[in-house]
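The task is simple: from the sequences and hints, build the whole structure.
Residue numbers (the numbering used here), protein chains in the order written: chain A, 1 to 201; chain B, 1 to 547; chain C, 1 to 700.
Just so you know, these hints were derived from the structure itself, not from any lab.
There may be inaccurate statements among the hints.
DSSO-like mimics (lysine-lysine), calculated; alpha carbons at most 30 Å apart, straight line [to be verified]:
#	chain 1	residue 1	chain 2	residue 2
1	B	Lys-490	C	Lys-83
2	C	Lys-442	C	Lys-467
3	C	Lys-442	B	Lys-426
4	A	Lys-171	B	Lys-368
Over the 12 Å line for every Cβ pair with chain B, so calculated as not near, a few chain A residues [to be verified]:
#	residue
5	Val-16
6	Val-64
7	Gly-67
8	Ala-115
9	Leu-169
Please read all numbers here as calculations on a predicted model, not as lab measurements.
All residues carry an ideal CB built from backbone N, CA and C; glycine is no exception.
Here are the chains, one letter per residue:
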Amino acid sequence: MPTELLVFYVLAAGVVLSTAAMLLPPMGRNPIHSAIALIVSFFFLAGIYALLSAHLLAAVQIIVYAGAVMVLFTFVIMLLNLTPDQIREPRITATTLIGSGLGLFVFGKLLSALALASNGAKSVDLNDGTHATFGSVTEVGRMLYTTFLVPFELVSVLLLVAAVGAVVLAKRSLKYKDRPKKEAPAAHAVAATDHDTHAAH
Amino acid sequence: MLHDLALTTPLLILLFAGLFTLVVDPFLPAGDQSRRFWGPFNAAMSAAAIVAAALMWKSGHHEMQTVAFGAHLSASTYSLFFVSLVSLVGMMTHLSSPKYMLEQGVGYGEYFAMVSFATFGMATMVSAESVITLFISLEIMSMAIYVLVAFKRTSIASVEAGMKYFIMGSVASALLLYGMAFLYGLSGGTTFVEIQRALVTAKPDQAVWLGLAVLLTLAAFLFKVAAVPFHMWAPDAYEGAPTTVTGFMASGVKVAAFGALLKILYAALAGQGMDDLHLPVAAILSTVALVTMTVGNLLALVQKNVKRMLAYSAIAHAGYLLLGTVASTVDPVLGAPYAVPGGAVPFYLIGYSLASLAGFAALASLGKNGEELTTEHQLAGLGRRYPFAGAVLSLAMLSLAGVPPTLGFFGKLELLREVLAVDNAKYLPHAIILVLNSVVSAYYYLRVTVYVYMRPEPKVEREYVTEPSLTWAMGLAAAAILAIGVMPGKAINVATLSAHAVRTGIATKNLVHLRGPDAPAKVAEVAAAPQEAPAAPVAEPAVIPQP
Amino acid sequence: MTYNPSALLPVIVLLPLLGALFNGLLGSRLSRQTVYAISNTTVLASFLLSVMVFLGLRGAMVTAPDAAFRYTLYEWIAAGSYKFEIAFLADQLSAVMLLVVTGVGFLVHLYSTGYMHEDPGYARYFSYLNLFIFSMLMLVLGKNLAMLFIGWEGVGACSYLLIGFWFKDMDKAAAGQKAFIVNRIGDVGFLAAMMLLLAYGNGSVDFDHLRVVFSDSAHMLDHAPTVTLIALLLFVGAAGKSAQIPLYIWLPDAMAGPTPVSALIHAATMVTAGVYMIARMNFLFALTPHAMTVVMMVGATTALVAASIGLVQNDIKKVLAYSTVSQLGFMIVAVGAGAYAAGVFHLMTHAFFKGALFLGAGAVIHALHHEQDIRKMGGLKKKLPIIHWTFLISCIAIAGLPPLAGFFSKDAILAETLAFRPNTEKIATYYGESFERQARVKVMADKAPDQAKLAVAVKAERDAYVKSVEDLAIWRKVAFALCLLAAFMTAFYMFRLYFLTFSGDYRGDHHTWDHAHDAPWPMATALVLLAFLSFVGGWVGTPFFHNQFNFFFHWLEPVLARGEELLDGHMTPALEYGLMAASTVVAALGVTLAWWMYRKGPSELGANLANRMSFIYDALLNKYYVDEFYDRVVVRPLRAVSQAAFQVIDRIIVDLVMVRGPGYVLLGVSHAGRLLQNGEVQTYLVGVVLGIALLAYYLV
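Rendered as structure tokens:
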């Protein structure tokens, strides 16, 4: 048991640290570095899954997320080819202050609630008979094709919608009839404000 | 298996419509004009879904048979009602779109496929009987709508709106998933039946987990219905989206979200009324409702763009509806203390979605040549130049304002009646604030009719989008608003029947043995029983005694 | 032989609707004569049918004293435990209203054919007028509160359309809007009351059903505060429609509409709907002396305040408008004092003489080419004899001099206000169970539930209630005094109006004088008939010989039985005749004073008085600055709030603290707006996090 606990703490610390590294400078400054930090985080997560004897999930985490998804991420980042001056320096504004304050409050609430709730909770022995097959490929496959058949099939529709949507939005055969003169992303933001403030006059 | 499939016929029809459109579209003759065919086609398929749902309602699928695929989906009267309503929304959107989208320069077949997929998502969402199905169908709906909002790629506003909605929506999805994970952890099951069973027999030390689950689930739903302060995405998304899509969102998403919210509130969480949870859920819902309606109405007052005004108005209506969610009555089958929602919310949704659809269809007729002439001043002269659209728009506004004898009036009346009937008029202050709010709202709704009829026509020539299917959409919606307004009795009855069936037969039977004079003992017994009881597969509930 | 004319009821209601639809849809293609014919015939037919219903009701009452005709046209909503029907009820009260509405309505239609003969919008006008009659009939014939409400909204809408009839004139459109908004405020109260009745009254607001509910104490509605709340909410609605303080401000402005409209809607019928509604709901109001006292005092104050404003107005229609508000105050006093029959009686006589006055004023205005200022009139006696005589008769009637109609109705109100008091015994019996419940709660709190203690507690509850009701008695005397003063003012300002208009020398320009002509025959007919009714109309309700010949009051008894059952007190002949003498003297004094001051036109005496007491005079002339007050206190803050929450700061600082430099404020305002909805997803997400934080605070 202590061994498992030890392994868990190591993995959990890895997740937290790599995620922090992804967001914060100096690594957070460079998108590619952030992406690499994210991969590291995914690996640690996969370790936690394995520890919970969810072996299939651990493998999927590495193959799909750390493999396929991250490759896509990296491609997109490289295609965008951001130069350092295009990356906005993080500014401290009222919005960020209020937002982070509220966020910390919620986080604290969640944390305290979890601490309260897990106090005295029994742990489940994953090695006993009932849970022997838990997380195995066989078991997950059986569940997906019996109990969770409908959600499983629905996911295929979801993926189809997402794929078609991406294609529709990226299709290049558009006739730009009323292309706006200024291509500033904030153009509409200003317009939105105008609606709400102008009316006051 | 076949039986299960048969129960999902309306959903399959909608799915088929989308797939067929997607597959056959490349083989249609080139050119945008031929894409207009998809409007009537998909509308017909939606109509077929409504017919299928109505037939199933008639044939009386009650009790056990309503649950399909291991209690992940249902065809209860409740589900069928909402499936019909979202299909109606889809049908109207299909009818009003073809020419408009063509004029906007994006008349592609994929548009109609996306609307059908979104409708499918909504229909699945309101039929869902498990949190996982609910989540995935919500994602199908949302994903399709993100695409639809950004569909007019020639417009920065549209793309920006889609992007914003996508980012915000993803946050809500994450919240919902997190909340559902807690529910799973709490009950050991994903279906509403298992969750409710577990909650009815819950031990006090689970309260914290329940609080977390309710918190996250509620937040996600409040986001989807655009309640204050989760509402800020709505005005930008509504204004930026193509007008027909705005109408689709305003009506469809609201119907689906409230359909699912009522179900998760009553069939999964608070089986014995909101107080059963020992959490201030009713207080929160009613307070959020008041804030939402007031903020929505106040901000709507100063808007100059009708689309944006209707976005705030949609927020206000979400407030009215949220107040309706706390109006519960005693379950007619199980008896006290089990509660079911009243018919007010489903009935109000009929009126609200029809009025929104009529209004936005009329606004779509202003979308000639890729323009969106939806500020108030651009409406001047509509009553003279395109009298039909002007009349439909005015009727929609009157119905939204709740002027008798339109459907909107009876929606409000029914809502107020049910809200006041709770606990010796406990919500009297809320009801009074609601009435005051609707007085305020009359001002900005009537202002639209003033512009349509009483302002001098502008000198510039203006063309309007006219086509038969758009006329049909406007005519059908307007006729329904008036017809149900004159004879609301039947519709109220249908809505009430459906609301009372929020629990499927299987859920009811599962709860039956927990009540009676010795219920506390039985509850304790079930609670004391080891893991097997909740873990038993729901498809074969062994614990049901013969009634 | 008696016959059952129930089936006539929908016909009576629908005929004017047909006329309205026909004229509204085809009117622009029809000739003037056809439009006149259709609109007048439909209303006349309704009137004749109403007479048949009235006679039928009389016949039926021979065998069954509480006979009434009921007709269900259509079951509108029948869902679950509650239902609404499109159903009509013609009982004694409805029958009176029916005759007044269709009778006066027809005369106004007839008059309008003369009055509107130059207006190009005649088809629209008559269509609205017919629509109004239809709505008003829905209101008085409705068998349940919901029907009444539909008619209530309908007459409001017609009034709005007709006030703004000349909507090209911005002021007139604004007057229409004001009427609309003020009435909506009243409607909130009405709707809330209806919702409460629905919630408590077993899902039905049918009058017959409600009367049973309120007669039998064994149901949920036996809690005095709840009943009082419902009554007060209903009264908010009545105050809006019947122009009572503080909602009376719309009625004077409503004079912007054509004058026949003022006569029909804003004097004879629509504005009395509040009085009708309270009389109709007498079984509810009678149960709550507290609410009744509020009603009575609001009515008395309105009567006095409006009469005092009427003293100094110079616009012929404005004087009549304030007079209407004041007379409505009298009616509200009556129904508030429990003198329901007297209130309805005054409603009827007022419809006659105020109708005649307004139509007479309209004829004067018509004759003088839209001159409305009485300072530019005078001496019209010789020029316009018919108008003069009818106007004089109605003036005597409204002033309250015997033996004309106004005397009897006003006297009945004054006398019964003083003589009646609530029957506390019966009212307390009705609330018996509620007292017991409250007592039980209190005794339980003491944790010693024994019977003796409970009985004592019940008695204590009951005594407290009875005492609170008895403490209200003093207000009746106050209301009586206010009304007597108002009656004096009424006599004065009405004769001031009469003398300034018709006696003395003409003070306008000679061109107008030369072209002035007496009323053409349709207008003259209407005037003469209404003046005749103002003369004799009161004779059906005389109190002589112990009410032996008081047909009107006996007629209404079946409807008002429950309300009167809960009243106590009776009239002694000494009080009766003493009051008669007193009110005659008061009225005669007012008339004499007016004669002394104004018989030769505006006198120096009046001017001196106005100068001497310019403070009061200005206050009266400017209607106590109530409009300005509302503008400052209600309208402007409301507008400020509605300017999307952020301009509030601007308003308060600029208007109240008078700080200069709104630039800074505006900057702050727009910044606040940007914070609210700046188009940035980050900010929107902060909103979401805020929501989650609030939820987390309460849920976890």
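Status of the hints after comparison with the structure:
Restraint check: the Cα-Cα separation between Lys-490/B and Lys-83/C comes to about 12 Å, which is no more than 30 Å; the hinted pair holds. Between Lys-442/C and Lys-467/C the CA atoms are separated by roughly 20 Å; this keeps the pair inside 30 Å, and the hint holds. For a cut-off of 30 Å, the pair hint linking Lys-442/C to Lys-426/B stands: about 21 Å separates their Cα positions. With a CA separation close to 23 Å, the supplied pair Lys-171/A and Lys-368/B stays within the 30 Å bound.
The claim that Val-16/A lies off the interface holds: its Cβ sits roughly 18 Å from the closest Cβ of chain B, which is beyond the 12 Å cut-off. For Val-64/A, the shortest C-beta to C-beta distance to chain B comes to about 17 Å, beyond the 12 Å cut-off, and the non-interface label holds. At the 12 Å boundary, the C-beta of Gly-67/A stays outside the reach of chain B, the nearest C-beta of that chain being 22 Å off. A beta-carbon of chain B is positioned within 12 Å of the beta-carbon of Ala-115/A; the least distance is around 9 Å.
The claim that Leu-169/A lies off the interface is violated: its Cβ sits roughly 6 Å from the closest Cβ of chain B, which falls inside the 12 Å cut-off.
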